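Produce the entire structure from the sequences given, and follow the hints as far as they go.
Chains as they are written, first to last, in this note's numbering: chain A, 4 to 590; chain B, 6 to 471.
Simulated from the structure, these hints should not be mistaken for lab results.
Every value quoted in this text rests on a predicted model; they were computed, and no experiment measured them.
Do not take every clue at face value.
Stated by the list, open to error - Distance condition first, Cα-Cα at most 27 Å in a straight line; then the derived DSSO-like pairs of lysine-lysine:
id, chain 1, residue 1, chain 2, residue 2
1, A, K120, B, K250
2, A, K119, B, K265
3, A, K421, A, K456
4, B, K193, A, K168
5, A, K328, A, K456
6, A, K328, B, K265
7, A, K247, B, K39
8, B, K249, B, K39
9, B, K217, A, K551
10, B, K195, B, K217
11, A, K580, A, K554
12, B, K217, A, K247
13, B, K249, A, K445
14, B, K265, A, K120
15, A, K445, A, K421
Stated by the list, open to error - Far from chain A, some chain B residues (derived; all Cβ distances over 12 Å):
id, residue
16, D62
17, D92
18, C248
19, R457
Just so you know, even glycine gets a beta-carbon here, dropped at the ideal spot from N, CA and C.
So the chains spell out like this:
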Amino acid sequence: MSVRSRTWAPPNLLIVTATALFATACTGSIPDPNPDGKHINPAGASIAGPSNTGTPTTLPGASPTIPGAVASPPVVDKNGFQFAGDANLAPRLRLKSNAEIYSAAREVFGVTVQDKKTLPSEAVEFQTGFSNNSNAHQIGEPLFIALQGLAANVSAGLSDSVLLKYCTGANASGTNCGRAFIANYGRALLARDVTPEETDMLLRVHAVSYVAGADRDALRSVAEAMLQLPSFLYRTEAGAPGSKNANNRMTPFEVAAALASFFWESPPDAALLDAASSGRLAMSDGVEKEARRLAADPRARAALARFMLQWLDIRNIELQTRDVKTFPGFSPAVVNSMLQETARFAEATVFDGDSSMKTLLRGKTTFLDKTLADFYGFGQAASDALVEVPAPAFKAGILTQGSFMLAHAGDSLTSPIKRGAFVRRRLLCNPILPAPPNAPKKVDPPSGGQSVKDVFNQDRTPGCMGCHRLMNPIGFGFENIDAVGRTRQTYNGLPIDSSGEIWTPDFSQSLPFTGEVGLFETLSSMPEVLDCFTSRLYQFALGRIAGKQDKEFLDPLAATFRSPNARMIDLMVEIAKSPAFVNRNTL
Amino acid sequence: MFKTRREMLKMLAVAPLLAPAFRMVLAADAAPLKRLVIMMRYNGAPTERWFPNSWDDFSGSCLASLNDSKIKSKLTVLKNMSNHFVDGNGDGHNQGARGAWLARTPGEDGISLDQYIVDKMNFPTARKSLMLGAYSDGFDSITNTFYKAPGSPADINADPYDAIDKVFTNFAPQVPMAAPNATSLLDKKKSILDALVNDLERMSKNLVGAEKNKLDAHLALVRASEQNLAASIGNMTPLAAACKKLDPPTNREGTRDLAKLPELARVQMDLATMAMACDISRVFVIQILSSYTNVGGGDVDLPWCGANIGRDVTSGYLIGPGNPIVSLHQYHHSRRADTHARDVYANINTTYATLFGELMQKMDAVPDGTGSLLDNSIAVLGSEYGGDDQDGDRHLGANMPILIGGGGGGFLKTNHMFDMQGASHTQFLGTLLEYFGIEDGTGDRTADFGNRNSGHSYASVAGLKV
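Below you can see the structure in the form of C-alpha cells.
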C-alpha cells in the first residue's frame, strides 16, 4: 500500500473535490463506488484506499506522522506583524452577534436584556456551525424590527444614574449635557471616539426631543438612536479610509473591537480603548499583551462556552426530548446541568488547565452538580454547585459528556451515524454530505439478538456504506455511552463492541481503535484534528469561511498548534496576532 | 436578504411599511383587503372518511363537526384534485412537499405561493407574512413546504407565546394618539431614522462590493420604516373595532407537549385573527405538526386523536412487525392492515377539520367592511398529497383533502362541494393568484412561479369563481 505523505492542507480546500467524490459515493445508485479499492484523493492522485471487500488493511502501529517542514520563516515587519503577502484581505463589515448587542446594553448602559429571544436567532453557517459568519448573519426585516424594539425598551429603562452620569457642572443640562452623553456613551458603544459629524447627527435627535428642563427624554432618544446606529451594530474591519494600502493595519480601534469581540463577545472596556488610543495596539506585542489580559477576564469564559456550544452543535439541546421510561430521571434540569458541565469543563481545560486538545478530548475528570451526579450515577456532588470529579470508565473528555451525547443521538437509540458524522465534519474538517433524499429516514431498533453494529453495518440501500463506512465505525467508539450520556456495558442483552476505525481524511490509512479512550487517544494525536481545530477557531475569529488565500496564515498557526504542549489559549492569541486578523487592504 | 443589488433596489423602490408601532389602519369604507390564510396539515387524509357523501350531509365524515356550523355556508370542499408532482415512483414525502405550494419537483428550488404573493403584492403591512406553527418541527430538506427564497425555508415560529410577543410587543395602533403627543413621538422617531440614514451613508463610503451591499440592504429597511412613518401621519381611522393588542397568556407551558396540540393551534389561530383585524399582515400560514412529527420514546397519550405513541404497536413501511409506534407518521403508513391505525388517522383529520372550522368562526366574528374577515379572505386547509385506506402504505397525489373557507370578498363561490375531475392542484394555485390580481398561467407575470416545464396548468378554475 502506498501512503501519501500527510502534509497539511487547509481543510476547506478539500471541499470542492471531496464533495464531488462523496456525491458520487452517496447518491445510492452505484452499488460499489470504489470497485478497484482506490480512492481519488483531493489532489487528483490515485492512492490506495479502503477496500470494499474484507477487512480494511491498516498500517501496523502507524502513528500519524507530523510533517517537519512547514512554511519558510515568515517575513516580519517592523511592528512585529507578519507580512500578509498577496492574500485577499478585503475590508469587511461584521454585524454583531445577539450576544454582543445584549452585552453592550449591559456593559455600557447597565441594562440586562432578560429575554434572550428578543432578537431573532442568527443564521448558522452549516459547515462550521458558527452563528457569527458575516455572510450568513445579516440584517433582515425581523432583526431590524426587533432592534427598534430593543433600543426603545433599553433606553426607556435607563436609570437616572446612567442618564445623568456625565451631566455635571457646566454640562448639567441642555445641549452640553447631550454632548457629554454622546461623547462618553458613544465611545463605549462605538468602541472609538465619536466624530464631530456623528456628534452633530445625534445632537439633532437630542434637539427634537428636548424641552427645556426635561433632559431625560432627550437623552433617552439619543440612547435609542445610538443602539440602532449601524456604526454600533456593525464592526468595520477596513483600516483608515483613504490610505489605499494593500496589507495595511486595521485602525487600532478596529483591532480593539475585534479583540473584544473574539475574546469576550462584548464591546471593548476602557483599558482596551486606551490601549488603542495610545498606539499600543499598533504593535504586535501590544496586541498579545491585551489578548492575554482579555483571556484572563471572566468574560472570556462565557464567550468560550458559546464557541463550544456552536462547535459541538449543542446549542439547541434544550429542545431534545427523551422518554422518561427509557431514561428515568431525564428532565429539563438535567439538560441544564449538562450544559453547565460542558461549559465548565471547557473553561477549566482552556483557561485553568493545560489548554491542550488532548485534555479537551481525553480529560480524566468532569464537573457535576447533584442533579447530574444522580442522573449519571457516578460522582459525589452535594448541591447545585459544580464539583470536579474523576470520570469513570468510558468517559473521556468533552465528546463523552451528556450534552454532546444528547445532541447527537436519536430519541431512544444512540446514533453511530450522527456521532461519526460529527467527528468527520467538525474534528477532521472532512465534508460529509447530508443524507441523499432516498435514504431511509429512520433506523429500526435492533431486534432480538442484534447488536447496534448489526443494525448500522447493514447495507440497507445499495451504496450507503460508501459514505457510511467513513462515519459509522467512528460512531461505534461511543457505544458505551447511551443517548443521554450515561455509561453502559451491554445493549439489547449483548456486550457492547466499541471497536472501530478511523479512515484518515486522505483515505490513506485506517486507524483502528477500541472504545472511547482508544477513539480519543487516536483522534487527539491526529494532526488533521489539530489542524482542523486551528482552522475552525480561525474561522470563528474571522467570522468567515477560510479559503485558499488563508493557507499562508493558517500554516504558521497550524504548525504552532501541532507542536508538543501546544495550548488553545496560545492559539487564540496567535490568531489575534495573525495578519488575517489585524490587516486589511484599505480603500 | 437581498441576493443582488438589483433585488435590493427593487425593494427600495416599493418598500413595504414596517415599524408596527406606527402602522395606522384603513378607513372602514375602503375596498376589502385581500388576505390568504393557509392552515397546513401533512400526510393527507383517508379519502373514504374525509369527503362527505353530499354537501347536505357531512355526517360520518371527518367534516361532521362543521355540518351544523354557522360558517358552513362559507366553506367549499374540493374533491378529486391531485398533486401531480407525486407520481408514485419517487419519495412521496419529498414530491408532496415540493409540489404542494412550490409547484416544484424534488431537487428543484423555488419560492412557495404564500411568499410569492407577498413578493408580488408588497403589502403595506408591518409583517409581510406571519408564519406560525403548532408543534411543527422536524422539517428538513425533504419535507419543508414553505420557502421564502429558492433553497431558503421560511422561518416558522412554532412557539405561539413567543409569536404573540414578537408581533405585539411594539404594537399600539388602535388608540388614535392625541395630536400633540402623536406629533412629537413621530418627530422623535423620524429624527432617529434620519440619524440612521446619515450614519449608513457615511459608512458606505469606506466599503465596496458585497460589504457595501449589506449597508444598502440596511438602508432599504430604514427607508421602508420612514415611508411607514410618513404614511402614519394623518390617517388614524381604526380598521376593525376588534383590533387590540393581544396579551400573551401567562401560562406558557406545553409548547413541546404533543397532547396539547389543539390548544397550541388555537393560540396561533387567535394570534392570526387579531393580526388580521389589526392589518399587521395579510398572508398567514399556520403549520400543524410536520410530515414526520417524531415523538421518540413511548407512552404519550394523545386524547385528541386516540393515539398512544409507544404503546400502540403495529407494522408497516419502515416499521418492523410488532414495534411500538414512535411517530404520528407511522399511523399513516400502517393503516392498510391496522384498523386502529386507520381510526387514529381519521381522528387526526377530524381534529384538523374542527380546528379549521374554529378558525373560520373566529374570522367570521370580526366585522370587516360590510362583511367579516372571513367573507373578505380566502382560507385553505391544505395537505401535501392525498391518500386512501386501500393503498395506505404509500403517499399518493390523488384526492387532496382541501377545504376552503371564505369567498375572498365575492371572488369565490362558497357553500358547495366542487369536483375538480382529477385536475392538477396547480390550477387551484392559479386561482389564488388570480384572486390577488396576479394573472394566472397565461402571461409573463407568473413565469417565475412553479414548474412550467412539465405540463401543469396554472389556469384558474372557472367553476370555483363567482
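Legend entry - Given pair status - B:K265, A:K328, alpha carbons within 27 Å: holds (20 Å)
Legend entry - Hinted pair B:K217 and A:K551, Cα distance within 27 Å: holds (23 Å)
Inset, instruction - Take a quick look at B:R457 and tell me if its Cβ sits farther than 12 Å from every Cβ on chain A, holds or violated. - result: Non-interface label on B:R457 holds, nearest chain A Cβ at 23 Å vs cutoff 12 Å.
Legend entry - Agreement of B:K217 and A:K247 with the hint, judged by alpha carbon distance not exceeding 27 Å: Satisfied, since the Cα-Cα distance of roughly 17 Å is no more than 27 Å.
Legend entry - chain A versus B:C248 - minimum CB to CB distance exceeding 12 Å, so not interface: holds (19 Å)
Legend entry - Given hint B:K250 paired with A:K120 - CA-CA distance at most 27 Å: OK: A:K120 and B:K250 at ~20 Å, within 27 Å.
Legend entry - Given pair status - A:K456, A:K328, alpha carbons within 27 Å: Holds, because 24 Å separates the two Cα atoms, which is no more than 27 Å.
Legend entry - Restraint status (C-alpha distance of B:K249 to A:K445 at most 27 Å): violated (46 Å)
Inset, instruction - Below or equal to 27 Å on CA atoms is what counts here, so check B:K195 against B:K217. - result: holds (24 Å)
Legend entry - Restraint status (C-alpha distance of A:K119 to B:K265 at most 27 Å): Answer holds: A:K119 to B:K265 is near 25 Å, not above 27 Å.
Legend entry - Given hint A:K456 paired with A:K421 - CA-CA distance at most 27 Å: holds (14 Å)
Legend entry - Proposed proximity, A:K554 with A:K580 (alpha carbon, max 27 Å): holds (16 Å)
When each numbered hint is compared with the structure, violations occur for hints 7, 13.
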